[in-house]
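If you read the protein sequences in the order shown, they are chains A and B.
The opening residue of the first sequence carries number 1 in UniProt numbering; numbering runs sequentially from there.
The opening residue of the second sequence carries number 1 in UniProt numbering; numbering runs sequentially from there.
Treat the hints as calculated values from the structure; they're not laboratory data.
Where a beta carbon is used, it is the ideal one built from N, C-alpha and C, also for glycine.
Only true hints are included.
Pairwise CB distance ranges (calculated):
id, chain 1, residue 1, chain 2, residue 2, range
1, A, 147, B, 234, 47 to 57 Å
2, B, 52, A, 155, 26 to 36 Å
3, B, 196, A, 128, 29 to 39 Å
4, A, 151, B, 37, 38 to 48 Å
5, A, 144, B, 193, 41 to 51 Å
6, B, 47, A, 201, 13 to 23 Å
7, A, 39, B, 231, 39 to 49 Å
8, B, 229, A, 7, 34 to 44 Å
9, A, 110, B, 246, 51 to 61 Å
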Amino acid sequence: MKIVFQKPKALSAGRFHYCPGCTHGIIHRLVAEVIDELEIRERTVGIASVGCSVLAYNYFNVDMIQAAHGRAPAVATGVKRVLPESVVFTYQGDGDLASIGIAEAIHAAARGERVTVIFVNNTCYGMTGGQMAPTTLVGQVTTTSPRGREAMHSGYPVRVPEMLATLQGAAYLSRVSVHNPVQVKRAKEAVKRAFITQLKGLGFSLVEVLSTCPTNWGLSPVEALKWLEENMIPQFPLGELKITEGVA
Amino acid sequence: MTRRLMKGNEAIGAAALAAGCRYFFGYPITPQTELPEYLARRLPEAGGVFLQAESEIAAINMVYGAAAAGARVMTSSSSPGISLKTEGISYLAAAELPCVIVNIMRGGPGLGGIQPAQSDYFQATKGGGHGDYRIIVLAPASVQEIIDLTRLAFELADLYRNPVMILGDGLLGQMMEAVEFNEEDDKGNRPIPKTWATTGCKGRKKNIINSLYLDPAELEQHNLHLQEKYREIVQKEQRAEEYLTRDAEIITVAFGTAARIVKEAVVSARARGIKVGLLRPITLWPFPENALKRSLQRARAILTVEMNAGQMVEDVKLAVEGKVPVYFYGRTGGILPDSRTVLKEIQRVGGYDYEDSLSKAESLVGG
Ligand SMILES: Cc1ncc(C[n+]2csc(CCOP(=O)(O)OP(=O)(O)O)c2C)c(N)n1
Ligand code: SF4
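I would like the entire structure built from these sequences, with the hints used as guidance.
Structural data, given as structure tokens:
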């Protein structure tokens with residue numbers, strides 16, 4: 001019998017621990033498919049961050065390092081400098097990357113570090129129970145913004161790729177979403193381009209993936225996808241912000 | 001053997017290079033900056049990488065990545081910078097990643113000053129970061145010893161898969177001394193194969209570097225494993241210099257720069273007929289309690305001298321177990337103890353009369 005669909009080699013057997021309807025699982029799969037398609041599994045080193053995806057080291061069937069909260073881009077830098085021929089990616093949430101680890105992310109980009117960052121934005125700290133993140137929308141209710149995020153008090157959401165776009169070392173920056181099949185397909189293309197950017201040695205690459213957190217948003221999985229589309233996309237517009245010649 | 005004049009900070013760099021270290025990640029801070037500056041010049045020509053990180057936090061996490069990738073790697077800083085590195089040090093210890101961390105101490109707390117001090121003893125030997133972990137701490141007292149201990153640091157790090165700290169102070173970092181230094185000596189000292197490293201899983205199952213154990217039973221197992229390793233280190237790696245301790249009635253205990261000053265005082269005291277010796281810990285962790293215990297057979301008083309308000313003295317007291325009185329003399333703020341004051345302290349804790357001992361010394365000279 002001809003196999004037409006199977007688990008990517010870059011994913012280990014076993015079940016994800018993610019909540020039902022959480023899009024972390026889709027994003028894992030996209031990254032794994034890209035690793036398979038580019039045939040780089042045996043030279044890839046992944047860096048798991050702190051957050052709901054902390055156990056990513058169990059899920060990706062590649063060499064994996066678990067990093068301290070926010071420090072994944074620095075850890076990735078260490079690996080890449082020792083093993084320039086390896087393919088290094090980090091997988092980070094918005095609390096991890098845009099808050100505690102913003103300096104590490106900015107400077108890895110500024111250095112043009114040849115690593116790929118998968119940045120999963122679900123507008124909250126999922127793992128610790130849905131607190132406000134730097135990406136939380138104005139007006140969005142979280143456990144630490146119970147009256148909704150107030151701009152005068154907590155400021156405005158951080159748009160990471162836009163912010164990094166000013167840095168010369170950033171070679172590929174893109175924002176995608178996974179709220180419907182068309183977008184999932186586009187997301188995969190972006191992830192692939194980010195890895196190709198690294199493989200071609202062009203510089204730092206980052207893909208922000210808009211993701212859901214039905215559990216902490218208090219919505220059903222379907223409602224969460226709709227909420228993402230209606231509320232997050234206006235704040236975090238989709239598209240390629242920066243693409244260096246030679247990537248496509 | 002080549003005899004050279006070398007500055008302490010640069011000697012660390014030269015010895016690290018000779019020991020096969022090819023990666024350095026750091027962030028400038030006085031009084032250790034000559035070390036990164038030296039490696040910025042030398043590492044690229046040796047085929048290695050020097051990278052100035054955006055912060056100490058980033059630097060130690062770059063070390064984490066490089067160590068995970070199987071490299072011999074080093075970082076260095078001074079007191080406030082080491083405070084920032086402690087998060088990473090806890091992770092390195094937990095994930096059992098070998099690396100060398102240099103702390104050329106200055107006075108604290110806070111921003112403190114830039115003069116030499118030993119006030120990070122607690123931070124170095126008792127953790128600093130969170131969790132039940134230990135790192136090996138080596139305390140050189142001369143530029144020659146800086147070279148020897150830097151070599152040793154890389155070997156021990158690999159052997160035990162554990163971070164090793166070289167704990168010096170601003171004076172040691174800045175001073176120049178003649179040393180015997182031959183890179184050829186390190187030829188035999190090559191990293192042992194690191195089959196656990198995350199280098200890409202070609203031809204094997206994937207490797208994971210991790211410090212997370214959500215199941216308490218697993219985390220306890222991991223802790224028990226670490227503690228067993230630490231016990232082995234305590235048994236095998238205690239190091240100390242014993243100077244005139246064999247017949248000593250008074251034992252002084254001091255490390256690093258303080259020990260040099262105390263040695264001077266011990267020499268003058270001996271000239272006055274006072275039976276005093278110096279026990280100089282070379283490993284601060286593991287603390288050389290066996291050597292100290294041995295020296296207690298004769299001694300009736302211990303004097304600990306430090307460039308802080310009294311930190312190592314606690315380990316001395318633990319080792320002495322109340323068998324003899326333990327006294328402390330220290331200076332803080334970046335001020336060095338002076339050997340004449342230490343001599344007076346030796347006489348005071350030994351119950352010697354100052355005038356008496358002077359005339360004894362004179363008669364010794366006269367005789
Ligand atoms: C130094 C440190 N501070 C805080 C935490 C607690 N913590 C664990 S996960 C997390 C937030 C993660 O949120 P995010 O990166 O958005 O990922 P998500 O869980 O939403 O996928 C925090 C604050 C920690 N582990 N370490
Ligand atoms: S808490 Fe949110 S982000 Fe975390 S697994 Fe559940 S749905 Fe996903």
